[in-house]
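*Asks:* These protein sequences, in sequence, are chains C and V.
Every letter in the first sequence is one number past the one before it in this note's numbering, and letter 80, counting from 1, is 80.
Each number in this note's numbering comes from the position in the second sequence (counting from 1) with 1000 added on.
Hints are computed from structural coordinates only; laboratory data are not their basis.
Don't take every hint at face value.
What the hints assert, rightly or not - Pairwise CB distance ranges (calculated):
#1 V:PRO1088 to C:SER9: 19 to 29 Å
#2 V:PRO1088 to C:ILE31: 31 to 41 Å
#3 C:VAL13 to V:GLN1111: 46 to 56 Å
What the hints assert, rightly or not - Calculated from the model, a selection of chain C residues having no Cβ within reach of chain V, i.e. all distances over 12 Å:
#4 ASP1
#5 MET11
#6 VAL19
#7 THR20
#8 HIS34
#9 SER43
#10 ARG45
#11 ASN53
#12 ASP56
#13 GLU81
#14 VAL83
#15 LEU96
#16 GLU105
Quick caveat, the model's predicted, so the values are computed rather than measured.
Note that CB positions come from ideal geometry on N, CA and C, so glycine has one too.
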Amino acid sequence: DIQMTQSPSSMSVSLGDTVTITCRASQDVGIYVHWFQQKPGKSPRHMIYRATNLPDGVPSRFSGSRSGSDYSLTISSLESEDVADYHCLQFDEFPLTFGSGTKLE
Amino acid sequence: QVQLQQSGAELAKPGSSVKISCKASGYPFSSYYISWIKQTTGQGLEFIGYISSGSGGTNYNEKFKDKATLTVDKSSSTAFMQLSSLTPDDSAVYYCARSDYSSYVGSYWGQGVMVTVSS
């Protein structure tokens, strides 16, 4: 199975910060990475699809990028509503695999 | 609007089975796949497998092949997952999710079902 190594596992943040979370894939997964946001007791919310694209309704302060096997989610000018857990997902190869998650505190 | 409504929390005894449901609305049910995902505090999110809502064809993560059975009822636009031979390690929140953006897991998720296995 493809391993998605996500870092950091947790991060202390302040309002207005620029935050970057990274997932490193154990093998090439192309553009086939999604990012999800999850708040306590809620289902994951889709924030980035195919590595760099924003679904409708996602604020433009969220962005996704790729450099080789490293995939990043960046939040510019962090707002209070962005404090949550974030998960990456690769869907290039079956079984789909998630990163271990990043908790913004 | 697209909705996936899952059944309620389950409390089950070790060795028993549970069957949880995911009722879809707001889109042509048979045109999409439904995936199932397990979430625990220790293991994070794990992909269990998917089912084609149109053909009923399935594909399971090897890890869950003997644990989960996925089915659909097209007449009620509902997907089901049966978990068998339950152990405490099966205690988790289970989500269904619809395919989207060229992926078996996309933007639409159910609200999750907490399954607790305890004697």
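*Asks:* Against each hint, give a clear statement of whether it holds in the structure.
*Replies:* Right, here's what the structure says about each hint:
1. V:PRO1088 to C:SER9: 19 to 29 Å: Holds - the Cβ-Cβ distance for V:PRO1088 and C:SER9, about 25 Å, lies within 19 to 29 Å.
2. V:PRO1088 to C:ILE31: 31 to 41 Å: holds (39 Å)
3. C:VAL13 to V:GLN1111: 46 to 56 Å: violated (27 Å)
4. ASP1: At roughly 8 Å from the nearest Cβ of chain V, C:ASP1 sits no farther out than 12 Å, so the non-interface label is violated.
5. MET11: holds (16 Å)
6. VAL19: holds (19 Å)
7. THR20: holds (20 Å)
8. HIS34: Nearest chain V Cβ is 6 Å from C:HIS34, so the label is violated.
9. SER43: Non-interface label on C:SER43 violated, nearest chain V Cβ at 4 Å vs cutoff 12 Å.
10. ARG45: violated (8 Å)
11. ASN53: violated (8 Å)
12. ASP56: violated (9 Å)
13. GLU81: Non-interface label stands for C:GLU81: nearest chain V Cβ at 18 Å, farther than 12 Å.
14. VAL83: Consistent with the label, C:VAL83 stays out of reach of chain V, its closest Cβ about 19 Å off (over 12 Å).
15. LEU96: Non-interface label on C:LEU96 violated, nearest chain V Cβ at 4 Å vs cutoff 12 Å.
16. GLU105: holds (16 Å)
In summary, the structure is inconsistent with hints 3, 4, 8, 9, 10, 11, 12 and 15 from the numbered list given earlier, while agreeing with the others.
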